[in-house]
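Hey, can you work out the whole structure from these sequences and the hints?
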Amino acid sequence: MSSITRSGGQAAVDALQAEGVSHVFGLIGSATMEIFDALYDADDIKFIGVHDERTGTHMADGFARSSGHAGVILAGQNGPGATNLITGLAQARAAYSPVVSIAGALASGHVYRDAFQEVDQQALFTPVTKKVWTAPSTDRVPELVREAFRVALAPRRGPVHLNLPRDVLAGQAEFEPSSAPVNHRNQGVPAPSADAVTEAAALLASASRPVIIAGGGIKNTAGHAAATSLAEAVGCPVVTSPGHGDAIPHGHPLNGGQMGPRGNVVASRMVKEADVIVALGTRLGFNSTFYSYDNVNRDAKIIHIELEPTAIGRFFPIEIGIWADAVQTAELLATAVRTANARALADGWTAEFQAERVQYLADRDSQADESHPTQPSGLFKALRSVIPADAIITMDAGTLCLQATDALEYHTPQSLFTPLDFGLVGFSFACGLGAKLAQPERPVVSLMGDGGFGMTTSELSTAVDNNINTTTIVMNNRCWGAEKAYQRDFFDGRYIGADVSSPPFDKLAELYGAKGFRAETLADVAPAIEAALACDAPAIVDVAVDPDALYSFRRDSFTHRSTLDQ
1 MSSITRSGGQ
11 AAVDALQAEG
21 VSHVFGLIGS
31 ATMEIFDALY
41 DADDIKFIGV
51 HDERTGTHMA
61 DGFARSSGHA
71 GVILAGQNGP
81 GATNLITGLA
91 QARAAYSPVV
101 SIAGALASGH
111 VYRDAFQEVD
121 QQALFTPVTK
131 KVWTAPSTDR
141 VPELVREAFR
151 VALAPRRGPV
161 HLNLPRDVLA
171 GQAEFEPSSA
181 PVNHRNQGVP
191 APSADAVTEA
201 AALLASASRP
211 VIIAGGGIKN
221 TAGHAAATSL
231 AEAVGCPVVT
241 SPGHGDAIPH
251 GHPLNGGQMG
261 PRGNVVASRM
271 VKEADVIVAL
281 GTRLGFNSTF
291 YSYDNVNRDA
301 KIIHIELEPT
311 AIGRFFPIEI
321 GIWADAVQTA
331 ELLATAVRTA
341 NARALADGWT
351 AEFQAERVQY
361 LADRDSQADE
371 SHPTQPSGLF
381 KALRSVIPAD
391 AIITMDAGTL
401 CLQATDALEY
411 HTPQSLFTPL
421 DFGLVGFSFA
431 CGLGAKLAQP
441 ERPVVSLMGD
451 GGFGMTTSEL
461 STAVDNNINT
471 TTIVMNNRCW
481 GAEKAYQRDF
491 FDGRYIGADV
501 SSPPFDKLAE
511 LYGAKGFRAE
521 TLADVAPAIE
531 AALACDAPAI
541 VDVAVDPDAL
551 YSFRRDSFTH
561 RSTLDQ
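With my numbering applied, the sequence shown covers 1 to 566.
Because the hints were derived from the structure by calculation, they are not lab data. Each hint should be verified, as a subset may be incorrect.
To be verified - Pairwise CB distance ranges (calculated):
(1) GLU118 - ALA191: 42 to 50 Å
(2) VAL119 - ASP363: 53 to 61 Å
(3) VAL386 - ASN341: 39 to 47 Å
(4) VAL119 - GLN172: 23 to 31 Å
(5) GLU308 - VAL358: 34 to 42 Å
For each residue, glycine too, the CB sits at the ideal point set by N, CA and C.
Structure representation (structure tokens):
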């Protein structure tokens, strides 16, 4: 085909189409009008107009995590439009989520003149992305869009950012038709060495208390079958790192749930007492371990399997390090264990675990506090009874969401999207909207506190305008729960800035054209959520939760307070 003349904006949209992009999230602005004008003619791309670039980035993040494809966010304005992207991209980076961020930039001739809305966008995005580009000329636009997708989707995945100056977008150039993305992509991942697999199998055969920790390397690749196959071959429990509870289907008999300081007592004990630990696609990072032997057996021999070579052995000394894809390695290791008849001598350990797990789940229901006002454990029991098994669940940070992460059940990987180590509030609702667009056939339930939801209420109109029918459960305790707990436990109840006043979120939802429901008592919760799920509209369920039911998750951060007066 012959070359064609296109503006930089048209070339950018052509490149997005060549990448197979189906949705672009963004907020219109004068710096990128050429892109928006080209999107008008792009019938195969659905533009989702948002009210804030930050929440738009969370939508792109949710879309990417749910679909496995890159999510695209477009900030129409340079300067303030671009700066609003930072929090969302930092969140995507923490989750290794392939978000392609595009923003308008100052005209090339105005740089370094303190021009209107000038900010150094090249430097601005560097700490929160894998790579940043600023297009130097119109003819380079397709190349750099293609490069942005290539880098975002390359292992290990993550967000990238492309600045497109005003004059570059307005300029004209001759362009050849784009080649297929597959011609510019890595087609493989590192395979484990045969010797390392054999050595790992032998170590597992010698174990009496082995455990597998499945992390994002399993969850993000839907590698649950490989992880459970390895657990079955070895005959040992498999637990998950925090935020990745959906890495293993809830009903599998060897699944222990989430481990670590924010996990459940059974899974956490397995890791504290194991003699061999298979760290399968997990960094053993902060949320999993607090970097402390309080949460990992100091004497355990660790087999660390990671796609990111710099993560291997970073926080704990290891016995065997395997730089490779977690799923492929799990499959090969399971085969090696079975071939060598190297099943661990762990029947007693595993039977003990399974008995404890069954008892823990039974106690979780029987001991749930179903008193009034609504308590977290009673609320989570109600949620378990009503959330569909095939639901995608998104969560914020905050103490209620952190408790809910392991208290809920994930039957259909991939089903759980959280802020992970970035610990962000104001994430869940917007993430859920993006996830729903990626998988419209699945119900999406978003959990967050009243403070976090209050940050993002304007996106209710985005949901209504685009018929994005998710159900958001606002756990409303009228405070910033984590911080109020710290003030109670470590600062003598000297509360300041901890209480939150909000409008009735059910009524607010109705004003936006969504559906609103309220649960004043625990008995109201299940019927309200059932009605929300069935209403075929964006729905908010405002659940009143006891404001005194507070828990200090990060007690380690304030241990110094107990020694100040000594």
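Hint check:
For the pair GLU118 and ALA191, the beta carbons lie near 48 Å from each other, so the given range of 42 to 50 Å is met. A hinted range of 53 to 61 Å holds for the C-beta pair VAL119 and ASP363, which are about 54 Å apart. In this structure, VAL386 and ASN341 meet the distance hint of 39 to 47 Å, their C-beta atoms being roughly 45 Å apart. Between VAL119 and GLN172 the Cβ separation comes to about 27 Å, which falls inside the hinted range of 23 to 31 Å.
Separated by about 36 Å at the C-beta atoms, GLU308 and VAL358 satisfy the suggested range of 34 to 42 Å.
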